[in-house]
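Those protein sequences? They're chains A and V, same order as listed.
Positions 458 to 631 (this note's numbering) are the ones given, in order, by the first sequence.
Positions -15 to 185 (this note's numbering) are the ones given, in order, by the second sequence.
Hints listed in this document are in silico derivations from the structure and should not be mistaken for laboratory results.
One thing to keep in mind: the hints can contain errors.
The list that follows gives simulated cross-link-like pairs (lysine to any residue, SDA-like), each with its CA atoms no further than 25 Å apart [as the list claims (entries may be wrong)]:
1) A:K547 - V:I33
2) V:K150 - A:N618
3) A:K579 - V:I33
4) A:K612 - V:I36
5) V:K158 - A:R484
6) V:K181 - A:M606
7) V:K153 - A:I588
8) V:K117 - A:D597
9) V:K150 - A:H545
10) V:K37 - A:L503
11) V:K158 - A:V611
12) V:K158 - A:K579
13) V:K(-7) - A:R484
14) A:K579 - V:A180
15) V:K61 - A:T504
16) A:K628 - V:N159
17) A:K547 - V:K153
18) V:K150 - A:N516
19) V:K153 - A:E623
20) V:K153 - A:D597
21) A:K536 - A:L554
22) V:K125 - A:N592
23) V:K181 - A:P567
24) V:K167 - A:A615
Going by beta-carbon spacing under 10 Å, a handful of chain A positions derived as facing chain V [unchecked claim]:
25) L487
26) V491
27) T504
28) N516
29) S590
30) L599
31) V600
32) N618
Each residue gets a CB set at the ideal place from its N, CA and C atoms; glycine is no exception.
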Amino acid sequence: MAELDTSAKDNKPGKGGKKKRKKMSTRVDLTPMVDLGFLLVTFFMLTTTFSKPQTMEINMPVKADPNEKEQTQAVKASKAMTVILGAHNKIYWYEGLEENPQMNVTNFSPKGIRTVLYYKNKTINDLVVLIKSTNDATYDNLVSIFDEMNIIGVKRFALVNLDPKESELIKNLQ
Amino acid sequence: MPKVKIPRKSTLVDMTAMCDVAFLLLTFFMLTTKFKADDAVVVDIPASISDIKIPETDIMTISIDKTGAVFFGVDGKFNREKLLNSIAERYKIQFTPEEIHEFSLISSFGVPIAELKNYLDMSQFERTNLKQKGIPCDSVKNELGDWVILGRIANPNYRIAISADKVVKYPVVKNVMNTLQEKNVNRFNLITTLRAKPDIK
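So here's chain V without its partners, still in its complex pose (with noise of 0.2 Å):
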């Protein structure tokens, strides 16, 4: 009996459209993509339907965390020595030049300003690990203002925006804004994120 043939068909099968795909995505990514700065604080910030863009540079950053303790950080490398430095001048601290760029590298903080040196020369695995107690702001002792009016100097196009976790409770939110209208600033931006805009009859 004559064997049938049944053509064998190959399972190979034609990589290139895939890879095509795989290989457009990965562009997409890697384009679009921008690493996130890890942050001392952890906030869950409450929703809106306001829609404006935070500018990309040139910001400040106040951030609330859920237990109410304030942190500050600035952007750029070089406005954070420049920031270090009248600090230093109106708090009579000396800085290390170590101590300096280990600042320079930091986002966002909240320590008091007697305890920055300290908090500077830990290594940066003791610094995650610190429960920063946050930067005072109230009325006995303001140092939030300080920063804000010499980060201003610093870099007078920083813009100003608060971050805040939906629990905190208003009198601290408020401590920071009147610090904030003491200091002339009265046009800032609170961080939040999208939300659809609800129908409305």
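So that you can see chain A by itself, here it is in the shape it has in the complex (with noise of 0.2 Å):
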């Protein structure tokens, strides 16, 4: 009877069926995989570097040597600037290559050497700029003004060493 029973039961179709063959949720608790995922995100993002460094690229001149004197005078005085990097990032400029030049003080904002240089690159065709620079200048300044020609778009600059006399007027304008 009891066996009867129990078959007559299992014949009985889903009830008995549904007992035995419980579902087993497919679910799992994701929130320690989320915790130990944005854990390893944060620190690939602290310690990931994602500005890597830019550089500017310099050519300059052969050495010189000892008749080298005849090329510089090759700069036409009418086409030559010279831009003198001075302490506390002040910038002297005049034009020509005169020996007396008329000196002006300017510095690195956009209505300083900037200003100045996009007039007369434009007023002047094939501008030269030489750059020379004080002792009290800092590399800040020497990047800054390469700088300024790659944005004005100055094709001819060169760095060339500060004249004794030029020194010599920058501090009688101090």
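Assembly of the complex is requested from the two constituent chains, each provided in isolation within its own frame, with the hints serving as guidance.
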């Protein structure tokens, strides 16, 4: 009887089967996994170096030999402009290649050397900028002035040694 | 009174989407990350509008820290060994294999050649705490020039990058540039950070 009963129960579609094959949920608690994921994300975000350094290419002239003097003279006075980097982020500049030039003082602000270079570059074809630096100027100044050349689009510029005469002139201005 | 059944809403949220995002980001950062080599020099580099990327390999770096000390480093383990061997030959210094191995692991250093042996014998800890005085590069004693020229012999493809601190005074930079020019290196790169190009009227 009991046997029969059970068999009868088993035969009943649905009810018995449901009880036995209890469907296991396929859902897993993903919270710890997310935690771990974000932990690693944070780690990599903090250790990563996004800004790969940029570089500025500089081509220096071949090292001066004794008869180089003629070459510097080859720069036409009408096309030349001299920019001297001074102490405390100051810039001194003058036009031409005169012996006793009229020195102007300016700075690195957009209204400063950039405006000057902009107009000079516009009015003078093939402008040649001679960059000189006093010993008080910083590397930042040097990079900035090269940068200004790139911003304005001055094609010809060179880093030249400072003349003793010019350093005298600057001293007088201070 | 019959109880009104308010169906309880489950507080469980489906985490799958969040998990997807987390791992997507994780993959991205893992692939783009590049571990920073611990440099002996801390340099605050100036900004410029130049956006040329520095090549990944074959780089010879000359760093100048804010005190004006000059550091030198080349990449590639094998090239470093080669370079040290040629320096040893020129300066008549014997390096032990351990020292050569040690040198091949150092990304940049700033000690005169006479003190190099001592420097290589130090432990990692001592080395980080050492105040390096820089490689001589003035007209009296120009070791930097030798490093550059022998480095170029070790690997002719080396490009030279100068990474100097903003506050370094011009004479130091001039010395380094003159040294490079003397060795007929007339093309070099100044490492800068990118800044936005300003408008010109």
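Evaluated hints:
With a C-alpha separation of about 21 Å, the suggested pairing of K547 of chain A with I33 of chain V holds against the 25 Å cut-off. Distance check on the hinted pair: K150 of chain V and N618 of chain A sit about 21 Å apart at the alpha-carbon level, within 25 Å; holds. For the suggested pair K579 of chain A and I33 of chain V, the alpha carbons sit about 21 Å apart, so the restraint of at most 25 Å is met. Pair hint K612 of chain A plus I36 of chain V holds up; C-alpha atoms about 17 Å apart against a cutoff of 25 Å.
Of the pairs offered as hints, the one joining K158 of chain V and R484 of chain A is violated, with about 68 Å between alpha carbons and a cut-off of 25 Å exceeded. Restraint check for K181 of chain V and M606 of chain A: the C-alpha separation of about 12 Å stays at or below 25 Å, so the hint holds. Distance hint between K153 of chain V and I588 of chain A is fulfilled; the C-alpha atoms sit about 16 Å from each other, no more than 25 Å. For the given pair, K117 of chain V sits about 22 Å from D597 of chain A by alpha-carbon distance, which is consistent with the 25 Å threshold.
For the hint linking K150 of chain V to H545 of chain A, the alpha-carbon distance of about 13 Å falls within 25 Å, and the restraint holds. Between the alpha carbons of K37 of chain V and L503 of chain A the distance comes to roughly 22 Å, so the proposed pair stays at or under 25 Å and holds. A distance of roughly 22 Å separates the Cα atoms of K158 of chain V and V611 of chain A; the hinted pair therefore holds under the 25 Å criterion. Distance restraint check for K158 of chain V and K579 of chain A: the Cα-Cα separation of roughly 31 Å exceeds the 25 Å cut-off, and the hinted pair is therefore not satisfied.
Note on K(-7) of chain V and R484 of chain A: the hinted pairing holds, with a Cα-Cα distance of about 17 Å set against a maximum of 25 Å. A distance of roughly 23 Å separates the Cα atoms of K579 of chain A and A180 of chain V; the hinted pair therefore holds under the 25 Å criterion. Taking the CA atoms of K61 of chain V and T504 of chain A, the gap is near 24 Å; set against the 25 Å cutoff, the hint holds. Restraint check for K628 of chain A and N159 of chain V: the C-alpha separation of about 23 Å stays at or below 25 Å, so the hint holds.
With a C-alpha separation of about 14 Å, the suggested pairing of K547 of chain A with K153 of chain V holds against the 25 Å cut-off. Between K150 of chain V and N516 of chain A the alpha-carbon distance is near 21 Å, which keeps this suggested pair within the 25 Å criterion. Between K153 of chain V and E623 of chain A the alpha-carbon distance is near 19 Å, which keeps this suggested pair within the 25 Å criterion. With a C-alpha separation of about 9 Å, the suggested pairing of K153 of chain V with D597 of chain A holds against the 25 Å cut-off.
Taken as a hint, the K536 of chain A and L554 of chain A pair is honoured in the structure, with Cα atoms around 9 Å apart against an allowance of 25 Å. Our distance criterion of 25 Å between C-alpha atoms is met by K125 of chain V and N592 of chain A, whose separation comes to about 21 Å. Straight-line distance between C-alpha atoms of K181 of chain V and P567 of chain A comes to about 12 Å, which keeps the hinted pair within the 25 Å bound. For the given pair, K167 of chain V sits about 19 Å from A615 of chain A by alpha-carbon distance, which is consistent with the 25 Å threshold.
Look at L487 of chain A: its Cβ gets to within about 3 Å of chain V, closer than 10 Å, so that hint holds up. Satisfaction of the interface hint for V491 of chain A is found here, the shortest Cβ-Cβ separation to chain V being roughly 5 Å, below the 10 Å cut-off. Taken as an interface hint, T504 of chain A checks out: its beta carbon lies about 6 Å from the nearest beta carbon of chain V, inside 10 Å. The beta carbon of N516 of chain A is positioned within 10 Å of a beta carbon in chain V (closest approach about 5 Å), and the interface hint is therefore held.
Taking 10 Å as the C-beta cut-off, the interface hint given for S590 of chain A holds, the closest approach to chain V being about 5 Å. With 10 Å as the threshold, the beta carbon of L599 of chain A comes within range of chain V, its nearest partner Cβ sitting at about 6 Å, so the hint holds. Satisfaction of the interface hint for V600 of chain A is found here, the shortest Cβ-Cβ separation to chain V being roughly 4 Å, below the 10 Å cut-off. The interface hint given for N618 of chain A is met, as the beta carbon of that residue sits about 8 Å from the closest beta carbon of chain V, less than 10 Å.
In this structure, the earlier hints numbered 5 and 12 are contradicted, and the remaining ones agree with it.
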